[in-house]
Structure formats: C-alpha cells, structure tokens
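S.K.: Sequence:
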Amino acid sequence: MKTCQLLMSVLMVCGGMVSAAWDDGGYSAYSEEMSGAGSEEVLIFDEPAGIDPMYSTPSINSSASYAGQHAFVPNDFYFEYLGKMSVSGPAGGSLRVTNAFITMPFTNPKTAVWRGWHLDAKLSARLTHIHSSGSTVVDEDRLYTLGLNVAVSHAVGQHAQIQFGFTPQLSTDFDVMSSHNFFWGGYVAYSAKVNERFHYTVGLAFMPDYYEYYVFPVLNMRWRYAPTWEMRIQASRLSAVNVASERFQWGPFFQWNAGVWTVHRGGETQQFRMTNCIMGMGAEYNMTPGTTKVLLMGDLGMTFNNTFRVRDKHGDDTLEKYRTHPGLYARLGIQVQF
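Every number in our numbering is 232 more than the matching position in the sequence shown, counting from 1.
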C-alpha cells in the first residue's frame, strides 16, 4: 500500500506542477455556469474530486454537474468485481470481492441556496461481499456502508468557489452495534476555472478510511492538453480520456481504492480494512443524447498491491494481514444526468 500511495502522490504532484495552467479536478464534469446573487454569473462545481468516504468510481464524462441531479432520485448505480486474487505467502488460498453501489441526492444545489451558499447532500449505499477459498478464511459476507456527503459552497468571484464538506459513514456487518461502526470525515476545498481547457480543485481532507493519515492534501483537475484528449485527476483516480466523441469516451486509468468496516469476528469487535490499486481502461457511452442523459459506464483492468487487514476495534494494531497477487477488475454501471 505504501508503494501505491507513493505513486499516487507523485502523480498528484506532477499534476499540480502542470496545473499552473489548467482547470478543475474532475472536472468539467463538475462545472456549469448558473445565476448567483443578483445578476452575477458564477461557476458552480460538483463535489471536489470525488472527496467522498465512499470509494465509488466517478463518471469519466465531462458534462456531469449540479444541474444533472434531482432530489430523491437515485442517479448512480454500479457493480464491481475484484478477483480471483491468490493470497501470497504460506496462507495460500484466494480472495474475491464484489461491490454493489447506489447514490441518491437529497438536494439540487442549483435551487438549494441560502444567502449565496449552495447546499449539496447525498446518501450513498454500498453492499460488499468478500469471499475466500482454500486455507485463507476471511469471509466477510454482507458488509454494509452508508455514507453521507453534505457540502456547502459559495462563489468566490465569477470563476471560483470555496466548499466545506462533512462525510460521516456507517460501515459494518451489523453483527455488532457500537460507536466504532461510525467513521467521520470532512474537507475544505477551493475550485477554480482558469480557462476552458483547465479547471482545478485543491484542498485538505480528513478521511481515516481512505488514508492512515489524519489530514492529507487533495488535488482534482481536468486539463484539455490536446484537441481530443483530457487528463483528469479525480479523488484517487488518474485518467487520460479521449473526448473526440460527445457520446462515447474512453481512456486508460490508474486508481487507488480503500474500504473499512467494523466487524464481529471470533466473538470480538474488530476492524476490517481493504486497500488496492487498479490499472485498466475505462469507457462511457451516452445511450440517450438530449436533455436527460443515461450513461453506460464500464472499466476493465487488473488489481495489484491488494492488502486485507484485520485490526483491533480501534484500528491501531494489526491482528491479521493478507496480501494477494494481481487479479481481474471489472465494473459496470449507469449514471443518470437530468
């Protein structure tokens, strides 16, 4: 995991050096001009670079924005498969992971406005199954995660905004209920549009389920470095996207994922943590061109640097640790933009 985190840090630093000339992290996918106080036109972005406790994979389409969601209408669904990953060392055996994910917004930030502050609130739910075979026994069936992302943002001039977010989550197998089932997080970020080719978001975040550090820097961006290609950094995903077609976009990506749950194992309350890196190709197809877009999204690649840990209930001491060889990664999902 250290190697993976180091690589991601290097990529972010390199992106930051280039960003002396570019656009918002995540990108265009997250910007739209809309009326603010009075007649002033302000730029409103979606949540900074996937700053969210749920490690969902964002849409690679650059048109997603606040205007693309309705309150209480689910708009993001996907299914993930990781495996079969052979366990390294004498433990032997193999592991497989599946995730099912859905997101439902509670507000439309375009209309939820108070004194210039825009409110965005959404609930995400993820069901995770981790299965082992052979001598390795880490079956954690039906791991549940409910994550809330509440953010308020305010325009700073015509082409920037500041944003504050709160990202608590309940993550457990529900075999035991305690305060350890709750994980807290938050962030502060600044987003700006330098020009039509470059947008960026910089900030600080606290998410103990993502990283083992209390506070860490965040960088999102989108940079149109060629007529038909964009480079994007969104949360822990770095990608190059071919945007020659408005309906079909594709490109290679690198991503770092993490998940943490409070579980009941062997009569004790413990913490189960999973981290992995992914490299592959992503694609997205707009099935309904028009005002409402239904995007079919998919990724195909390989997982590597996969680590599964069982820790004490405080997350301090590692009780069991499993590392696996690379395995297949596949994701298929649908995103609706109104």
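Everything labelled a hint here was simulated from the structure, so no lab data went into it. Check the hints yourself; a few may be wrong.
[Stated by the list, open to error] Each computed DSBU-like pair below joins lysine-lysine, with the alpha-carbon atoms no more than 35 Å apart:
(1) K525 <-> K342
(2) K553 <-> K316
(3) K545 <-> K316
S.K.: Which numbered hints does this structure break?
M.R.: none
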